[in-house]
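Student: Chains A and B, in that order, are what the protein sequence lines are.
Read left to right, the first sequence gives residues 1 to 1023 (our numbering).
Read left to right, the second sequence gives residues 10001 to 10166 (our numbering).
Hints listed in this document are in silico derivations from the structure and should not be mistaken for laboratory results.
Check before you lean on any hint, since a few could be wrong.
According to the in silico footprint, chain B covers these stretches of chain A (three or more CB under 8 Å from chain B) [stated by the list, open to error]: (1) 451-458; (2) 476-485; (3) 587-598; (4) 691-704.
All residues carry an ideal CB built from backbone N, CA and C; glycine is no exception.
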Amino acid sequence: MAIMTVLFAVLSFAAPAIVRLLGRRAFFVLAAVPVVAFVHTLVATPVILQAGGSVDESFAWIPQLEIVLSFRMDALAWLLALVVTGVGALVLVYCASYFSDDEPSLGRFAALLLGFAGTMYGLVTSDDVIVMFMYWEITSVLSYLLIGHYTGRKESRGAALQALLVTTLGGLVMLVGVVILSVEAGTTRISELVAAPPEGVGPSIAIVLVLVGAMSKSAIVPFHFWLPAAMAAPTPVSAYLHAAAMVKAGIYLVARFAPGYAESPGWIPVVVGFGVFTMLVGAWRSLRQYDLKLVLAYGTVSQLGFLFVIVGFGTRDAALAGATMLLAHAVYKAGLFLTVGIIDHRTGTRDWRKLTGLARAMPVLTVSAVLSTASMAGIIPLIGFVGKEAVFTAFIEAGLEGDVWAWIALVGTAVGSVLTVAYSARFVWGAFANRSVKEPVEIHRDSGLIVAAPALLGLAGVVLGVAVPLLDPLLAAYADTLGEGDYYLALWHGLEPALFLSIAVIAIGLGLFVARRTVARLQARVPDTVDASRGYWTTVNAVDRTAARVTLFAQRGGLPQYLMTIVVVFVLAVGGALIATGTWPTDIRLFDYGLQPVIAACMIVATIMAARARQRMTAVLLAGVTGFGLVALFGLHGAPDLALTQALVELATIVTFILVLRRLPQTIAQHNKPVRKVRRAIVGILFGATMSVVGAVALSSRQAESLAGDLPRLSLEEGHGRNIVNVMLVDIRAWDTMNEIAVLVVVATGIASLLFVSGRSGTPQRIPGARRQRSNRRSVPADVRHRTGLTGSIEVPAAISAGHGGGEASDRTDEESQPVRSQPATDEPKVSRTTTPEERLASGERQSWLLAGRTIRDENRSVLLEILVRLLFHPAIVVSIFLLFTGHNTPGGGFAGGLLAGLALVARYLAGGRYELAEAVPIDAGKLLGTGILLAVGTAAASLFFGADALTSAYLETDVPVIGHLSIGTSTIFDIGVYLVVVGLTVDILRSLGGEIDRQQEDAELDLDPEAEDDFTTTEASR
Amino acid sequence: MSASLTLVILMGVMYAVGIYVMLERSLTRVLIGFLLVGNATNILIFIMSGGSGRPPLVTGTAADADIVDPIPQVLMLTAIVINFGITAFLLALIYRSWWLAQLGEEGDTLPDEHKGETEAETESSFDPLDLDDAAVHEVLRASDERPDDDAPARSTHDDTTREERS
Chain A
1 MAIMTVLFAV
11 LSFAAPAIVR
21 LLGRRAFFVL
31 AAVPVVAFVH
41 TLVATPVILQ
51 AGGSVDESFA
61 WIPQLEIVLS
71 FRMDALAWLL
81 ALVVTGVGAL
91 VLVYCASYFS
101 DDEPSLGRFA
111 ALLLGFAGTM
121 YGLVTSDDVI
131 VMFMYWEITS
141 VLSYLLIGHY
151 TGRKESRGAA
161 LQALLVTTLG
171 GLVMLVGVVI
181 LSVEAGTTRI
191 SELVAAPPEG
201 VGPSIAIVLV
211 LVGAMSKSAI
221 VPFHFWLPAA
231 MAAPTPVSAY
241 LHAAAMVKAG
251 IYLVARFAPG
261 YAESPGWIPV
271 VVGFGVFTML
281 VGAWRSLRQY
291 DLKLVLAYGT
301 VSQLGFLFVI
311 VGFGTRDAAL
321 AGATMLLAHA
331 VYKAGLFLTV
341 GIIDHRTGTR
351 DWRKLTGLAR
361 AMPVLTVSAV
371 LSTASMAGII
381 PLIGFVGKEA
391 VFTAFIEAGL
401 EGDVWAWIAL
411 VGTAVGSVLT
421 VAYSARFVWG
431 AFANRSVKEP
441 VEIHRDSGLI
451 VAAPALLGLA
461 GVVLGVAVPL
471 LDPLLAAYAD
481 TLGEGDYYLA
491 LWHGLEPALF
501 LSIAVIAIGL
511 GLFVARRTVA
521 RLQARVPDTV
531 DASRGYWTTV
541 NAVDRTAARV
551 TLFAQRGGLP
561 QYLMTIVVVF
571 VLAVGGALIA
581 TGTWPTDIRL
591 FDYGLQPVIA
601 ACMIVATIMA
611 ARARQRMTAV
621 LLAGVTGFGL
631 VALFGLHGAP
641 DLALTQALVE
651 LATIVTFILV
661 LRRLPQTIAQ
671 HNKPVRKVRR
681 AIVGILFGAT
691 MSVVGAVALS
701 SRQAESLAGD
711 LPRLSLEEGH
721 GRNIVNVMLV
731 DIRAWDTMNE
741 IAVLVVVATG
751 IASLLFVSGR
761 SGTPQRIPGA
771 RRQRSNRRSV
781 PADVRHRTGL
791 TGSIEVPAAI
801 SAGHGGGEAS
811 DRTDEESQPV
821 RSQPATDEPK
831 VSRTTTPEER
841 LASGERQSWL
851 LAGRTIRDEN
861 RSVLLEILVR
871 LLFHPAIVVS
881 IFLLFTGHNT
891 PGGGFAGGLL
901 AGLALVARYL
911 AGGRYELAEA
921 VPIDAGKLLG
931 TGILLAVGTA
941 AASLFFGADA
951 LTSAYLETDV
961 PVIGHLSIGT
971 STIFDIGVYL
981 VVVGLTVDIL
991 RSLGGEIDRQ
1001 QEDAELDLDP
1011 EAEDDFTTTE
1021 ASR
Chain B
10001 MSASLTLVIL
10011 MGVMYAVGIY
10021 VMLERSLTRV
10031 LIGFLLVGNA
10041 TNILIFIMSG
10051 GSGRPPLVTG
10061 TAADADIVDP
10071 IPQVLMLTAI
10081 VINFGITAFL
10091 LALIYRSWWL
10101 AQLGEEGDTL
10111 PDEHKGETEA
10121 ETESSFDPLD
10131 LDDAAVHEVL
10141 RASDERPDDD
10151 APARSTHDDT
10161 TREERS
């Protein structure tokens, strides 16, 4: 069975390709799948015939939840599987003639229909209630897509959505029931749930919830309205989903659970009450339709109610009758839908007022349709008659035993059957009778093959009726699971009450048909008592309106409102919890040391001033003061690592702010009304107060002893380091650190992608020719220059360096003469001249040590600063490496070292601009980040190869001059990874928020001369 | 363990001011609020380490017993660096939105685009669905038999009955 579902799935996915290849003939290929499944099911027949026999398969799926992909083919599953695959195959064959090759999205349709057949097959054979539910929901989704096949039609979309909403609502209700049942019973296997049903209030409610799911799926009142609406689907879909397959899922579910739960309180009233009502309402509506397809649709609603009553009734004989009716209904209703499809196809209408003379034009179809209708009306010798007799007998016998519900069911179904006969007659008469029609429709030709499916189904009704003795043991195999009974299926049971009832039903039904005009008038006068579709509309509308109101309420205020909502909820929840628990701090110190209040006072003042500052830069610097206040607090408290890191970060933060804010307007725009100000202040103060209390309470209510006592030993023995903080970072809590540097990598990448709009070049922008100059490889291939179209400004340095070989001194005279020529009026031509970076580049000076001179304007330049930075840069890098390696024993480590190196680069950039930075770090920031994270993850993974847990450290101790005793371990490699990630982050920030913003600013300023700019960027890209 | 009241007050003020600033429409203010709240959160973790003491560097002597609790420090150290990363990211966001939106002197103020919206406007987004439902309803209604006016030529009720009588 599992292999069958896989086959269905694979071919469904392949269906669009097959349709593209073969056109509509692809349906013949696809029909082979249900045929194979049909045969596969038939093969299991001998097993089914044994009492309680079944074929079982199971595969573990989610063992934690005890959910198993288990399949079970017992008598009921066998019957349903045959119906689903048999009718499925016929419908697919029918599709090959129904559609034309140019039908839009035929491939999708074929895939969905075949997938639907597979899902139904899976639904009826699965033995795990969760797996069954999964299939159940898939059928809802597929039916949504199939009903909505004509995506351009309003009624098609509306109907699809109705069906989806109603059936998924029912599905959700059912899920609740299913979960309660399986939790109570301790199993998710359906066979066990039915064999040993849990008892009590919970399961009794649960089974009613399951019934609600079945009702929504099988279009039982009050959920019935989606089914007539779903007639907007192509006819094969109606024939399959709405006659044989999907709507049967609910009936199947009732039949499946009836053996275990029919005695449960609530079951019988729901099943009989809603079932009978549905049967009557559906048949009543069916009697007044002009549209033949809607006659059938409302008829289907009616018949589903009928089936609901019978299969749910819970006696053995009723179950036998139910199984028979289920089979009969699938056969005749599918055949009739297909008949309507052909009529629609050949005449272009389904309105019987326009039809006449079809019997003569389509004799085969007429005969098969009459056979199917006769089966529907319950006329001997068709299977429908056998089923209906069995139903009446079952109810009469149960009634004679004193069951009141049986009498209700009997009367209800008998009246319903009268109406059924009437609308059956109306259908045949409407479709095929000759009547005077003003403008008779034209009947188009059609391929003969299309009749095959309805003809076969019509014939099947007769064959099954005549061969019913053979069918009896197979259907009885299911019925016997409900208990004892001696009824058997046969065409002739003698002159029994049921026979007379059947005759009476047919007679009255035909009478109603003859008096149809009177009946129709009566119907038009009776108001629609059950207008569930209006109820649906009202409900959906109410939900929509609520959604609109909530959206408007919660989202009108934008980001500030979201934040405020979060904060207010936090204050209420946490504050509420604080008050509820009522544990308050018992003792509190005023301060730890004398300087603490002083520092805190400074920070408070800075904080409040930061909030009031109008200038961006002021606000940032004041916020920075609070950061440096933290440095002091950390340092005095006994946290040197924190102090060091915080100081470095604070510097880096301020620089980053300045990098961005230099382009934004200086003052912060004020848009908030004063009213808001008060509200904001209140919210802020409440939040601050809550957090203060939280902090004090949390510390004072601490019960467990701190881990700190054991850490010195662990740090020294396990981590080979004296600096506990660092050892924890790179060893004891290294997992945490690894994730955190991963965050840094993500952040860095995010910054770069926000700034580099037009793609991030693999290598940073370098000074053209700079590196070559240094390494004395000066020649630029002529074809490169030619290809990139180097002109004017850019060509010069390359040409010069190429032309002059190693002669630096000789260049100088050449270049220096140029500016003088261009600006003869200035006193100090070299220093005060205003040039763009490009011109500077063009002049191609070879200050290989102070690179900035060629790339920034003179008025922005500070040679003193440049020299200072150049002198300090390398010592700073050395110190950062020192911090990295000694961090294990003294304050420092990868974070601090990386930040220091980053700040050194910041200084290079600030002094010399982006080209200077590119020269300092000639590789891409991404590579730094990548190497860093690789080192860290590599360290984590490497220990796995030695059979240890991830991130287990190994050590090698040596004495190194200057640095001292060094314990090189894998944790050091990890720390190098951290270092590289932090440096990479800084470089990325500088490149993006520094260099790229510079470039964009220059772009904006150079807009006057776009051509030169284009040349420049082309050149950059080419490098 | 007991907390230092000074630190608790400091933290409370920084949270309060941070949230107050964060609730503005200017993104720069939001970021400054973020910085303040971030620092306040660091103080919150910091408070959890209890009183001050010797730095957590192992000396191998009896003085090791006086070291401050290093665990909050470890948590804070990574938090500080990540705070920096996020700050930079937010700055990139601010710049990007300012640059792309060409806000100019407006700076980085968030627009109040939903301010004038009414319930009817919001609800109108469901109109297509209502139309679909109406179409379904119409199709079903059209099929209902109206026995007294099903002859196409006759329009009024009276005509029909007269015709039938004759």
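Student: If a hint holds in the structure, say so; if it does not, say that too.
Tutor: Verification of the supplied hints:
1. 451-458: With 0 residues closer than 8 Å to chain B, the segment 451-458 of chain A misses the three-residue bar; violated.
2. 476-485: It is violated: at least three residues are needed, and the segment 476-485 of chain A offers just 0 whose Cβ sits closer than 8 Å to chain B.
3. 587-598: Answer holds; 9 residues pass the 8 Å Cβ test.
4. 691-704: holds (count 9)
Violation of the numbered hints given earlier is confined to hints 1, 2; the remaining hints are satisfied by the structure.
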